[in-house]
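Asks: Using the sequences and the hints given, assemble the complete structure.
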Amino acid sequence: MRAAANAVTFDSLGFGYRAGTWVLRNYSASIAKGRIFAILGPNGRGKTTLLQLLLKALTPREGAIAIEGTPAFVPQLFTVSFPYRVLDMVLMGRARQIGLFSLPSPRDHEAAWNALERLGLADLAERNFDELSGGQRQLVIFARALASGADVLILDEPTSALDMKNQATVLKWIHDLSRNLGLTVIFSTHHPHHAHAVADDALLMLGEREYSCGPVRETLTEENLQRLYEVPLRRVSFEHRGESVSTFVPVYEGLESR
Amino acid sequence: MNATTISSLPKPLDGQRRTPIRADLFILLLFVALVALAVVSLGIGRYPVPIARIIEIVSSTGLNATHPYTDKEWVVIEIVRLPRILGVVLCGIGLALAGAAMQGVFRNPLVGPEIAGVSAGASFGGVLAIMLGLPLAAMVGTAFGVGLLALAIAFLLAKVTNRASMLALILAGVIVGGFFSSLTGLAQYVADPQTQLPAIVYWLLGSFAGMTYPKVAILAAVTLVCGVLLMLMRWRINLLSLGEADARALGVNVDVLRWGIIALVALIVAAQVSVSGGVGFVGLVVPHLARMIVGPEHARLLPASALLGGIYLLAMDDIARSVTAQEIPIGLLTSMVGMPVFAYLFWKMQGKGWNRE
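Going down the list, the sequences are from chains G and D.
The C-terminal position of the first sequence is numbered 258 in the numbering used here, with every residue numbered one higher than the one before it.
The C-terminal position of the second sequence is numbered 1357 in the numbering used here, with every residue numbered one higher than the one before it.
Any given hint might turn out to be false.
[Stated by the list, open to error] Lysine to any residue pairs mimicking SDA-like chemistry, simulated, CA-CA at most 25 angstroms apart:
# : chain 1 : residue 1 : chain 2 : residue 2
1 : G       : K56       : D       : T1161
2 : G       : K56       : D       : W1259
3 : G       : K165      : G       : H196
4 : G       : K56       : D       : V1174
5 : G       : K56       : D       : L1250
6 : G       : K172      : G       : D123
No wet-lab data here; the hints were simulated from the structure.
Replies: Here is the structure:
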């Protein structure tokens, strides 16, 4: 049972960086509006490439991508060349609304402040971006995406550089922005349990032409994850939102003698 | 994970609240200081003129060329000092603006406006004109033309490499700059040591001594047009400083904006070198001083940097022409003052682990 409208559709998508080689091929999926979509795959399989294709920073070699609405990108944790204030960072999300020869207008300031307040960052507005913790920086970039007025958020491993508390905060906001503001959220991750926690659907990049896509409970199976990461897994079950949920943690082999 | 805490939707805010007033105030202060220093500078020199008389001359006769040349004070103010001061201020503003823009575009506070090889090209153009014995106007034109040629070669070199990346342009600038510097050296080697060489050397050291109204007109036309365009686009430099991928994802046409800004900067630098020779370190040092006061945000940084550049170069020129009996070439002064500041910044950045990527 899906909402009728799709925010993102890609059809028989194929891309490679060099002639004759492919990163991915024949990938098709659709992401319904307001849903949270997780992309999982081992290092080098092409998660970031897929995100770049969705952002139209790369052009597909085959197939097509359709995005309904404006996307905004939240890159992996990054450092800035100049220590801009948080408010100035968030204002940069308004680049599409601010003309070539213009400065941010009161409306742009309002959008930036609204985004900061929405994520509880208003108190940090005057602080320098490089003084913030990793978790705070990530949220500021969230606020920047929110201020841009986008309806599709594309996040590249939003939790990978964060500690557990900040991971939880980021996941909480992903859930909040999707459920309460109706944003479509697409994120890549190395943590199957993060996909379990917030995502509605998941795409597992099993190989160049092979993927599994669908509701999280159907795609994130022991068999699929074992194939995806090529490590033995152990099932862990826990209670979540009143249901029993299973996820998997790796079994580290060759460490028995310790 | 718990059900999400839903913060109540924020009420509409006054958009401009908490925008720092300090930067605006500081920029206004700089403007007042620049005008005041310009008026004071008109009175400084071998033939001092009191401020009341300066204001009287400038306000009453203006640029009236029919004024009798027997009026010594009028000649000193209107013919000698006013064009010089206008030229110095325009160069200072242009170089500092160009430097601040380049540091943003290259995401690197250690680059100056000279980076694309324009300075070296324009210098060679000027030297060539001196050797050929061309008149002043032609010399300005040659310096400007060769400066632009250097830029075009650097652009072309950068473009034929795989990607028109910033690193490619820096390397191309080094190559082109090196080539034109060696041509300048060759010119000095073959120049007549009795007549041409002193003129070449003096010009290369940089000076505003020979400033005339026609030169000011060229400088003003280029600096004002390019400067105004840079000022209009100044907020966008913030976006470029985030890096290519991020800027693109924010919806910025990175290539057009970046190359447009670099071309504007190169035009300003070529105009400056063609009228006053080599004046180094202004575009490197002044943006740093401005950044310390108004912060790195380019909408505030560029105006502050421009005005500070005018003040800095005017103060240097006042020192150059009044401290000793024989005028000191201003290029030497700016480099001597600029070097320690540059070294200090370099040292501080090493300690801070300054990160580019």
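Asks: Each hint: holds or not?
Replies: Consistency of the hints with the structure:
no., hint, in the structure
1, K56/G with T1161/D, "24 angstroms, holds"
2, K56/G with W1259/D, "22 angstroms, holds"
3, K165/G with H196/G, "17 angstroms, holds"
4, K56/G with V1174/D, "34 angstroms, violated"
5, K56/G with L1250/D, "12 angstroms, holds"
6, K172/G with D123/G, "20 angstroms, holds"
Checked against the numbered hints given earlier, this structure breaks only hint 4.
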